[in-house]
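A.B. asks: Here's the letter readout for the chains.
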Amino acid sequence: MTTNTPPATVAPVAVLHRFMVKTSLSVARILMVAGLGALVLAVAFAIGSSADQTQTRVAQMVQGLGLAIVVPVVSLVFASAMLGDHRDDSTMVYLWLRPMKPWVVPTAALAAVWTIVVPATVVIVSAAALAAGGDTEALAYSAASALFGSMAYSAVFVLASLLLSRVLIWGLAYILVWEGFVAAGAEGAARLALRSYTISILGGERDVDLDLARHSVTTSIVVLLVVAVLCAVASIRVFRRLDVA
Amino acid sequence: MTSPVLTASSVSKWFGSVVAVSDVSFDLGAGVTALLGPNGAGKSTLLRILAGLTAPSSGEVKIFGVDPRQSPAVRRRMGLVPQQDGLFERLSARDFVTVAASTHGLVDPSVAAARALAVVNLDPDDPRACRTYSKGMRQRVKIAQAIVHDPDVLLLDEPLTGLDPVQRRGLIDVFRHLGESGKCVIVSSHVLDEVAKIGSSVLVITQGRLAATGDYRRLREMMDDRPHRIRVDCQDARRLAPSLVGLASTTSVTLEGADRLLVDTVDIDTFGRSIAPLAIEAGVHLDAIEPLDDDLESVFRYLVQR
Amino acid sequence: MTEPTHPQPVDDAHILDRGYRTYEGERGGSIAAAVTIAVAGMRAVLGLGRRARSKAIPVVCVVIAFLPAVIFVGLAALLPSEFLDVAEIADYSGYYGVIVLALVLFTAFVAPEALTGDRRSGMLTLYLTTPTSRLGYVLAKTAAVFIILSIVTIGPLLLNLIGYSLESLGPGGILDTVELLGRMLLAGLLVSAVYTSLSIGVSSLTDRRAWASTGIVVVMILSSVVPTILVETADMSEKLQLLNLLVAPLELVVRIYGDQPEFPELATSSLALACSAWIVAGMAVAIVRYHRIGGAR
Chain A
1 MTTNTPPATV APVAVLHRFM VKTSLSVARI LMVAGLGALV LAVAFAIGSS ADQTQTRVAQ
61 MVQGLGLAIV VPVVSLVFAS AMLGDHRDDS TMVYLWLRPM KPWVVPTAAL AAVWTIVVPA
121 TVVIVSAAAL AAGGDTEALA YSAASALFGS MAYSAVFVLA SLLLSRVLIW GLAYILVWEG
181 FVAAGAEGAA RLALRSYTIS ILGGERDVDL DLARHSVTTS IVVLLVVAVL CAVASIRVFR
241 RLDVA
Chain B
1 MTSPVLTASS VSKWFGSVVA VSDVSFDLGA GVTALLGPNG AGKSTLLRIL AGLTAPSSGE
61 VKIFGVDPRQ SPAVRRRMGL VPQQDGLFER LSARDFVTVA ASTHGLVDPS VAAARALAVV
121 NLDPDDPRAC RTYSKGMRQR VKIAQAIVHD PDVLLLDEPL TGLDPVQRRG LIDVFRHLGE
181 SGKCVIVSSH VLDEVAKIGS SVLVITQGRL AATGDYRRLR EMMDDRPHRI RVDCQDARRL
241 APSLVGLAST TSVTLEGADR LLVDTVDIDT FGRSIAPLAI EAGVHLDAIE PLDDDLESVF
301 RYLVQR
Chain C
1 MTEPTHPQPV DDAHILDRGY RTYEGERGGS IAAAVTIAVA GMRAVLGLGR RARSKAIPVV
61 CVVIAFLPAV IFVGLAALLP SEFLDVAEIA DYSGYYGVIV LALVLFTAFV APEALTGDRR
121 SGMLTLYLTT PTSRLGYVLA KTAAVFIILS IVTIGPLLLN LIGYSLESLG PGGILDTVEL
181 LGRMLLAGLL VSAVYTSLSI GVSSLTDRRA WASTGIVVVM ILSSVVPTIL VETADMSEKL
241 QLLNLLVAPL ELVVRIYGDQ PEFPELATSS LALACSAWIV AGMAVAIVRY HRIGGAR
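Residue numbers (my numbering), protein chains in the order written: chain A, 1 to 245; chain B, 1 to 306; chain C, 1 to 297.
Take these hints with a grain of salt, some might be off.
As the list claims (entries may be wrong) - BS3-like mimics (lysine-lysine), calculated; alpha carbons at most 27 Å apart, straight line:
1) B:135 - A:22
2) B:135 - B:62
3) B:135 - A:101
4) A:22 - A:101
Worth flagging that the hints you see were computed from the coordinates, not collected in a lab.
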C-alpha cells in the first residue's frame, strides 16, 4: 500500500484526540448536556430573581445542581465513552494494535474528555452562578470548582473505564450511592468523595454555609490535581497491560 | 532456511480452569498459512496471542525476534482483521481507515486509505457511516484497515465471513498475492475449499493443541493409517482389477461400471509406480487417474476427528 | 411338522428428527403469551439464568430492603419490652425512607433490563412476530417489574408485621391487623407503580441499559434537587415538591397510613394527582415509544 515510516507520537495523539472528540459528541450526549445546562440555568434565574437572594443561596444552588450533578454526570458520560465504549463494543483492538507508545491512547482519551467536559461544566456552572446573582468571588470559585472537579472526575472515570465494563453504571453508583448517600453522612467517607473537595473550593475563603466544605481551597485543588495525575498515570499502566478482546 | 518471521514457543493460554491453547510451538516464514480447527479449538485466542492482544499464560511469541505485546515497532509491521464485527460506527469507511493510517504514522493517510479501500473493492468516497454497511462491506473495511500500512505480517481471523462468492474470490487473490510477495499471512477460516485456494500451508489446532503443521498434501502422505482412494478410468476395468488386487499395498478394489475402478491403497507411491506397467501387462488402456481424498477437507477431517 | 416360519422383519426404523414441525398442541392465547413475556421479564430483572454478577445488584437491593426489617424484628425479639417504644419501632410509613436507596437502585439499575435486554438481543423482533401486541408486550414487561418491585416494597413491611405480632407489638385485633394490611398493600403498590412507570418510561427510550440507568438517575436526582433548591433557596411554593419523586410517593404513603405528614402544605389529593401523573406519564412514554419502534434494533 505505502511505505513504512518511523514511529511518531505527537501526531497520533492529535489524530486520536480529534477522532475521540468527534466520535463521542453524539446527538444524545449533546442534548443531555444542553438539557442539563438549560435546567440549571432556569433554576439559577429563579433564584436570582427571588427577593432575599444571598451568596450562600447562590453557593447552595451551585453545590446542589452544579457540583452534585452537572460536573460528575457530564464527566462520567463522556469519560466512560472515550475508552469504555471501545472496550464494550470490541473496537479497542483498533486503538491498542497501533504502533504507538503506551501513553498515547490514554493521554489522547483524557485530553479529549477534558476538551469537552471542562469547558461545558465550567460554562454551565459559571453561568448558573452569575444568573443566580453571584458576585465576582462566587463566579471565580464556582468556575474553579467546576474546572478542577471535572478534571479529577474525568481522570477517575477514564481509569475506571479501563478497569471495569459498564463503567457508566458503576460511575452512577459512585455518584449516587457513595457521594450522595454515604459521604453525605460519614466524615471519613467524605474524604474519599471528590465532591467534598469541589464543594470546599466553592466555599472558598468566603462566609458561605455549605455541607461537606471541610478543606481549604489550596488543599482541595492539590488533592483534585493529584487525583487527576495519579489516575492518568494509572490509566497508562493499565492500558499497557490490557487484555484486548 | 531463512530466519522465521513469526515464532511461537510452547505457547499456552488458560482462563481459570479452561485451557484455550496448550503448548503450541511453530515457526512461520513468508507465504500464506491457514489456521484451521473446529469451533472452540482456540484459533481466535491463538491469533490474539500472536497479535499481542493478550499475553500467553506461558511460553512466548516473537515476531521478527521481538515480543509483539511489548514493541510498538513490531505492531507497525503487523495488520490484524479481528473476528469481532465492531467498527467505529459513526465514521465513514474512508475516515475509519484514515484513522488507522494516521495512527500508523503514514505520510498521507487519506490517500493510503483510499488505496486500501480500492483493493477491497469499496468506494473511498462513500460518505455513509459504517453503521449503515452490510456484513460483507464491514468485513472489507476491516481488511482495508489491516492492509493500509502494507504490513509484513497479516493476521486474518475469518476474513471471508459475510462475503459473496465474487468478493471471496477477489480477496483470496489479494491474500495469495500478499503471500507470494513475501508477506507472512495467517488466515483463520472454516471454509476449507477456499483456504485451499489461498495456499497449501496449514496449522491445524484441535482442543487448543497443535495437531499438524506444514503443507497439507505432505500431511496427507503422512497419514499412513488411512488408505488413499484413487479413481482409475480405463477401457476395461474388469480386466485391470485383478492386477491391482495383487499389489500388496492395495486394501480394496471396487468396480464402478465397465470403465471405472475405485482403488484404496496404503502406499500411494507404490501404486503410482505400478499402475502403468500393470495396465500394459493387462492390455488395458488408461484414461485417467485421480486421487479422491487428498484434498484439504479430507486431511482436516482426519486430523480433527481422530 | 409345522410350516417353517419366516423371520419377520423387525420394525426398528425410526426417524428421530424431521427438523421443524408445526406446533399441534393447545394454544394458550394472548393472555398466556403475556404471562410468558412477564415471566421472562421477571427472570431478566432478577438476572436468573445468567452469570452470578448479573444477580449482584438485585440481591443487594433485596438485602438493603429487608435488612432493616430483620434488624427491627430482631431487636423486638431480643430487647425487653420496657426498652422498646412501639410507636417508634413500628413505623411502617417511615420504612420507605429507610430503604429509599434500595428503591432507587432497583428502579435505576435493575428494572431497565426488563425492556432493554430484549431490544439489544433482538428478542423484541421475535415477540412482535407472535400475536402479542405491542401494548400487550409493554404491559407484560411493566407487570414483571411491578411484581418484583412490590416484593421489595411490601415484603419487608409484612415481615415487620409478622415479627411484631409474634412479639405482641402488632396491631390490637384482627380488624386492626386487616386494616394495617390493607394500608400496607396500598402503600406498597403505590410506591411500586410510581417507580415502575418511571423505569419503564425511561428504559423505553434506549436499548442500552447503562443509558437507561443514567436517564433514570438523572430524572430522580433532578426531580428531587430542583424543587428542593427552588423551595429552600428561591422561596418558591412548597407545592413544587409534588414533582419530587422522592417526596410525592413517600408523603402519600404517610397519608395512607394516617401518620403525621412531613409536608403538611401538600394536600393529599394533590399528592395522589402528582403520583398518578408520574404513573401515566411513564406508561404513556413507553406505550407511544413501542408503538413507533420497529421490532429490530
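A.B. asks: Next, verify each hint and record whether it holds.
C.D. replies: We went through each hint and held it up to the structure:
Note on residue 135 (chain B) and residue 22 (chain A): the hinted pairing holds, with a Cα-Cα distance of about 24 Å set against a maximum of 27 Å. Of the supplied pair hints, the one linking residue 135 (chain B) and residue 62 (chain B) is violated, its CA atoms being roughly 33 Å apart against a limit of 27 Å. Between residue 135 (chain B) and residue 101 (chain A), the direct Cα distance comes to roughly 33 Å. Violation of the 27 Å bound is thereby established for this hinted pair. Taking the CA atoms of residue 22 (chain A) and residue 101 (chain A), the gap is near 22 Å; set against the 27 Å cutoff, the hint holds.
In this structure, the earlier hints numbered 2 and 3 are contradicted, and the remaining ones agree with it.
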